[in-house]
Structure formats: C-alpha cells, structure tokens
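Student: Here's the letter readout for the chains.
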Amino acid sequence: MLAHQIGYYSLILGFFFSILIIPISIKNFNNRNKVIDNKVFSLSFFQFFFVLVSFFGLILSFVNSDFSNETVFKNSHTTKPLFYKISGTWGNHEGSLLLWLLVLTLFIFIFLIKSTNQPKKYRILTLLFQQVIIIGFFLFLLKTSNPFNYLFPVPKEGLGLNPILQDPALAIHPPILYLGYVGSSIIFSSSLAAVVEKHISTVWAKHIKFWILVSWVFLTFGIMLGSIWAYYELGWGGFWFWDPVENVSLMPWFCLTALLHCILVLEKRSMLGSWTIILSIATFMLSMSGTFLVRSGILNSVHTFANDPERGIFILIFLFLLILFSLVIFFVFHKEKDQKIVKINWSSKEATILFNNWFLMYFLSVVLIGTVYPIFLEVLSDEKISVGPPFYYKLIIPFLIPFLFFMSIGPNLNWIKSEIKKIKIQIVLSFAISLLISFVILNQIGFVGLINSILILATFYLFFITIKDFFLKKFKNYSQIFSHFGFSLLILSILFNSILSSEKTINLKVGEEFSFREETITFESIESIQNKNYKSIVGYFKIKDKKNNYVQLKPELRIYNQPVMITSEADIKTTLYYDKFLVMNLVKDYEYFNVRYQVKPFMIWIWISTLLLVVGGFLSLFKRSYEK
Amino acid sequence: MKNKIILSVLLLFFTFCFVVLYKGLNNSNIYVPETKIEKTLIKFNSIDLYSGNKVSSDQIFVGSEYYVLNIWSSWCVPCREEHPKLIKLSKNKSIKLIGLNYRDNPKNAKKFIKEFGDPYFVIIKDTKGIISVDLGAIGVPETFIINKDKKIIKRFLGSLSEKSLNEINLIIK
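So the sequences go chain by chain: B and R. Note that this note's numbering numbers the first sequence so that position 22 is 22, with each residue one more than the last. Note that this note's numbering numbers the second sequence so that position 3 is 3, with each residue one more than the last.
Just to be clear, a hint being listed does not mean it is correct.
Below are the DSS-like pairs computed for lysine-lysine, each with C-alpha atoms no more than 30 Å apart in a straight line [as the list claims (entries may be wrong)]:
#	chain 1	residue 1	chain 2	residue 2
1	B	K335	B	K121
2	B	K535	R	K128
3	B	K384	R	K154
4	B	K198	R	K4
5	R	K163	R	K93
6	B	K34	B	K121
7	B	K384	R	K163
8	R	K114	B	K156
9	R	K110	B	K156
10	B	K343	R	K4
11	R	K2	B	K335
12	B	K120	B	K27
13	B	K156	R	K107
14	R	K88	R	K163
Listed next, with one range per pair, are the computed distances between beta-carbon atoms [claimed, not checked]:
#	chain 1	residue 1	chain 2	residue 2	range
15	R	I42	B	S528	23 to 33 Å
16	B	E157	R	L165	23 to 33 Å
17	B	L52	R	I153	31 to 41 Å
Calculated directly from the structure, the hints in this document are not laboratory data. Each residue gets a CB set at the ideal place from its N, CA and C atoms; glycine is no exception.
Using the sequences and the accompanying hints, generate a full structural model.
Tutor: Here is the structure:
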C-alpha cells in the first residue's frame, strides 16, 4: 500500500524534475561559463533518483502482492516464487516502460558525469534532446500506462504471470535488451547535438564510441538471452523463428553494428561523418519502432502483449515527431562541406568497412520489409499474410558470402591504402587451408547445395584468418579478433546445426519404445508432482545408443494454476558436440503422449560464439586506443 | 536544392508510413476463435446471487426469444467500462439478460451492482469458475447470445463495444 503510494508520487516528482531541467540548462547554455552548472547535475540526479524510488515502489508492491495495484493484480499471484514476483515487475507493459524510463534517466546522468572533456554547449544540447525523449516517456507512462493504477475493491488474488514468461533467462532478458535500446538514445541525442554544434570530429568519435560499444554489448547479449529462452522454453527446438518481435530487436543490431564500424573510420580518418549521424538516428528510431510494434499490438506474434490502441497511437505520434525533428535538424545543420572530401581507395580498410555497411543495410532492409510488409498489406488490401523463414534465408544467405569475405580481408588491410602486391602469403595460405577443410567436410556430409558450400568456405576463411591474426599479427586488436572469430564460429555452428539436425515425432504410451538412427528411446514411466504454483507431469525416457550407453531425459508438462495453462518443458542434454532434445505433449487422457526427439549438433556453440562476440565488444571498452 | 528534394521525399515517405501504421492500429488484432455454429448450451445448476436459491439453467432459459449471457466480475476492470452498455441493452424487452458472476466475492458483487445499476434479469454465481469453463469462456467479460432453442449463436470476447451492440440488435430483429 505504502510502496504503491510512494512509487506513484515519486514518479510524478521525477516528471517535475525532468521538466525543471529544461529552463535551467537553457539558461546555462547561454551564459559564459565554461562548465556546466552544478544545478544541472543535481537536477539530473534527482530525476534519476525519483524514478529509481518509483521503480522500487513497484517492485515492493509485487513482492508484497499488493493487489490494490492494477499492474500487480494483472501480472502476479501470491503463489508465485519470489524471483518471478520481482521479475514480474518488468514482465508487463507498464513495468517495462518504467524500466525504460529508469535506464533513460540513469544513462543521461552517467553521460553528464563522463563527458567532462567535451565542449559545454554540446553536452547541454545532448541533455536537452535526451530530456525531450524522457519527457515523452513520462507522459506516455502517466497518461496511458500508469503502473500505479489503484483498484477498489481490492481483489484477493492476482491473475498471475504468463507461465512461459517464468524463466530465468527471460527474467533478465528485457532489462539487458533495454540497456542496449536506451543506450542508443544517448547516441541519438549526442549525434544530433554534435550536428548542431558542428562537433563531428575524431574527438567526438572517441567519446561516443564508448556509448556505441555499451549499447552494442547489451543489445547483443540481450538478443542472445531471448534466443536461449526461446530454445529452452518454447519447446520448438529452434533458437530463432523470424518472429516479428525477434526481428524488431535484430534491426537496431544491424544498424548499431554498422555504426560501430563507421565510428572507427570517423575516429581514424575523420570520414563517413554523415553515415555516422544517419546510423545514429536510425538505430534509435528502430529501437523506438520496436517498442511501437511490440507494445501497440499491431503485430501478430507468439509474444502476447497488452493490446491497447491508445498506447499505440501515442508511441506512433511520438516516434514520428522524433523522426521529423531529427530530419529537420539533420538537413538544416548538417553541411557535407564541413568535412574535407577524401577519396576512398578501394584497397583500404575503410573501403571494406563501407562495403560491409552497405551489406548490413541490405540485411536490415530485408528484415524490415519482412516484418512490416504484412502490416502494410493488411491495411492496404485487407489480406493477411505472414512472412516465413524461407524469405529471409533466400535473401540473406547468398549475401553473407561477400560479407564474410570483406570481414576477413578488411582487418588485414591498412588505413588509406594497401599495396595489392604486398598482400601477405599467410592470407593466401589461410584461403588454401579453408578450401581444403571445407572440401573434406563436404565430402563427409555430402553435397549441400552450391551456395551453402561457398558459404562454408567463406566462413572457414574468416575462421582461419582470425586465428592467424591472433597468433601472428604484430599489432593485435583483441576485441576485433574475438568478435570476428566469434562471428565466424556463430555462422559455422548455425550452418552445421541446420544441415545436420535430425528429428522424429511419434505418439507413444508408457512402456513403448522407438528407434531413431542408431539409438533406441524407451518411454519408461510418468510421474506427477504437485508444485507451489503448478502441477507437473514428468516423463522418464531412456536413450540407449549402439554401444549401450544410457542417457535419461525427463521432459515435463506443467499445468499452471494461475492463469490455467499448460506448457511443455523440453529436456535437453547438452554436450560439446550435440544437444539431445526431447519434448512431449498431451494427446489424450494422460495415456498417449506426442513425443518429439531431436538431435541438434553444435547447439552450445551458437551461444558460445555469441558470447565471444560480446566479449570482443566488452574488451574494446577497456582499450586505450585503436591500433597505432 | 538537392537537399530539399531529398527532405521532401523523405517527409512524404514517412507521412505515408504514419498513415498506414495509424490505420493498422485500428484494425483489431484480437483473434476470436470461431465457435462452432449453434452449439447447444450446456445444462448447469447455480445459485441466485440475491435470494441464495438454487436455480438450474432450464429454469432460467425459458420464455423469451433471445437470451444474452454476460460473464462479469466486480474486480474486472473492463467490466466497469462495459456496464453502461449492458444497461442500454437491458432496455430492449425482447431479450433476457443473464449475469454470470465469475469468481467473485458476493459482497463486492452487490456493491458493484448498487453503484453502477442492475441491467440483469437474474444474476447467478459462478464462485469456482466451473460454469464459465464449461461454457468455453476464455476470460471476463465475455458475452454469449443464445436463441430460444438454447443454441449459442454468437459470442463476444472482451467488453462489448458500440459495434457489438449494433450487431446484437441486428440479430434480435
């Protein structure tokens, strides 16, 4: 009760401070002082502090199961474990927006503290732009999605959290992803401020690179957690479904990855300034559109979220106002002439980065079209379609080949210009090795199609080149090597995983068995267990291979009490080489079960390699300067 | 000059996107499963909210051309929004409006009716939610239109809108 009240009023106080910052910082902007007023710092701190208090108020309401709070009532239940009561705070629309706001206010405060070596006017302008976003979110929260709506009479019991959201990976997935999304808002504000202040330079690039890396690391990690959740929890045996809600997180990632490379060019060669600005704006706009598409319920998706058109309209208008605002600023203030025009030599590092930026933009547009096209079609022609994986595979896979090629060559070229004749023997040698290896592998597994074969070759090339760089290069850039190596490993594991996976689906009674490849799977028994907030039916399966080695798998069916819902939990045995994946579903009367058994090679390497990508980005945060 | 052209093209493009997305928002994406046409209403027993007497479905569904069965609860927020529409609907004398009080505290339910008015011909209790589940209901509020042969001819998920009221009026004519 108290927590609820405190939460609500400190949210309003936070809003008050966020408005107060604007006149104070404008005053500060116009005076002659070289430094920012302390007042601005403290206001920004209080803004963050009150949002934090409000967020804790909501968490406490969840922990105490205070059902006079509508958000708690709709998303929690007394029998839920404490961990999921807490994660339920951001597992819903209102709470997740409060989290957005919390991270927004935290990041701008950190930005103010960290950017002391930058010009005052640029910093204040960044703050002002960021305040526009913050105030927008405050209004959105207070007007359409107040997390502190009061319910009377107070219900005795809550409606419960959707069981498929009760998973550890998913509990931390949204906050991590939001850190990435919101980090891009800082990039957005500061690049607009840099345009206005004509501050696009190598100094600025160095400083903003930190924020780009932070967002990139969190975004990558967040996407990975979501994908792990989908694999373990949804029980479909896949890790990426090209579901609109997944795509929506992938789009800013493409943009941000391009931006990450652009900023290096800006830092080293003071080129690609316009690219940097456009990518900065686009990344944040894509994050915002993601919020719009997910939160407005305009998409049909496996992810079920609140469906309220009023919210959708608010975000839509806000999003387009921001687009309009940034377009105007870009076209009024940004002059190409400000930058020296330099010719790019085709055999230079910056050229390969530019090529790959174009490729990333291409991947981005494929995903964007695949995601948005069904909405447009439905509005324009009343036809309902959904875009499936084949669309993405056809349009993306072939273009991965040159992309991987440039990724391998690029880091081995010099800035400005490399002599073609001087290309080292090692690069050619790596190519020969990868040619040999792919040939041997293809011989083993049989022909997999021309494009797949070339893709395997190109990925192995990247794989060996990064290994070579790791051991032989004089000026080692570990973050780049880790990330590129991780990426090659990722593509390799995805490729072999999809080529070599096999599965069987069958209806079974207890005591029956079936054979699959060289293994025998026996359905030994079932057991029913009553847990705190669900009842579970566990099936015991024994898998025997031809050498008589046993593995036991225990897939589970969970019947949740609140809301009443059945989920099936796959049981997965993971080894370094493959995953054994078994999931069962009820067919009829607890007698026959539908059993699906899958053998998926190299699953764990998909997570390991993504982790390597993240580690690469993370290392880069601690690096003093880039190469020479 | 070139910049101005690019800017106006971009503006046009984004305006177009805005209009399409705005329209898309108004398309409802709530998926209503098609109920089997004219499924016969199940038989059930319940307790009258006010009198506390036992009532069976056969006693309730008698003597009218059409029946509207509305599942509601005092803790259900959309039900509040829906209530005035039910009151409007109850003015139509050719239908019998039945309230099924879903998983509710009787005291709160009576308070709710006292505050917002009583559109129902009769209110019956579904304390454990069993009747609603047997009816195939998905949530609260939910509304079923039943004809004199005790067949479910239409079903509305969520709170009734003006559009659904018109639809009901069309069916009844």
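Student: Determine for every hint whether it applies to the structure shown.
Tutor: These are the hints, each one checked on the structure:
{"no.": "1", "hint": "B/K335 x B/K121", "in the structure": "holds (19 Å)"}
{"no.": "2", "hint": "B/K535 x R/K128", "in the structure": "holds (19 Å)"}
{"no.": "3", "hint": "B/K384 x R/K154", "in the structure": "holds (24 Å)"}
{"no.": "4", "hint": "B/K198 x R/K4", "in the structure": "holds (20 Å)"}
{"no.": "5", "hint": "R/K163 x R/K93", "in the structure": "holds (20 Å)"}
{"no.": "6", "hint": "B/K34 x B/K121", "in the structure": "holds (9 Å)"}
{"no.": "7", "hint": "B/K384 x R/K163", "in the structure": "holds (22 Å)"}
{"no.": "8", "hint": "R/K114 x B/K156", "in the structure": "holds (21 Å)"}
{"no.": "9", "hint": "R/K110 x B/K156", "in the structure": "holds (16 Å)"}
{"no.": "10", "hint": "B/K343 x R/K4", "in the structure": "holds (26 Å)"}
{"no.": "11", "hint": "R/K2 x B/K335", "in the structure": "holds (12 Å)"}
{"no.": "12", "hint": "B/K120 x B/K27", "in the structure": "holds (13 Å)"}
{"no.": "13", "hint": "B/K156 x R/K107", "in the structure": "holds (13 Å)"}
{"no.": "14", "hint": "R/K88 x R/K163", "in the structure": "holds (13 Å)"}
{"no.": "15", "hint": "R/I42 x B/S528: 23 to 33 Å", "in the structure": "holds (28 Å)"}
{"no.": "16", "hint": "B/E157 x R/L165: 23 to 33 Å", "in the structure": "holds (32 Å)"}
{"no.": "17", "hint": "B/L52 x R/I153: 31 to 41 Å", "in the structure": "violated (54 Å)"}
The structure fails hint 17 only (numbered hints given earlier).
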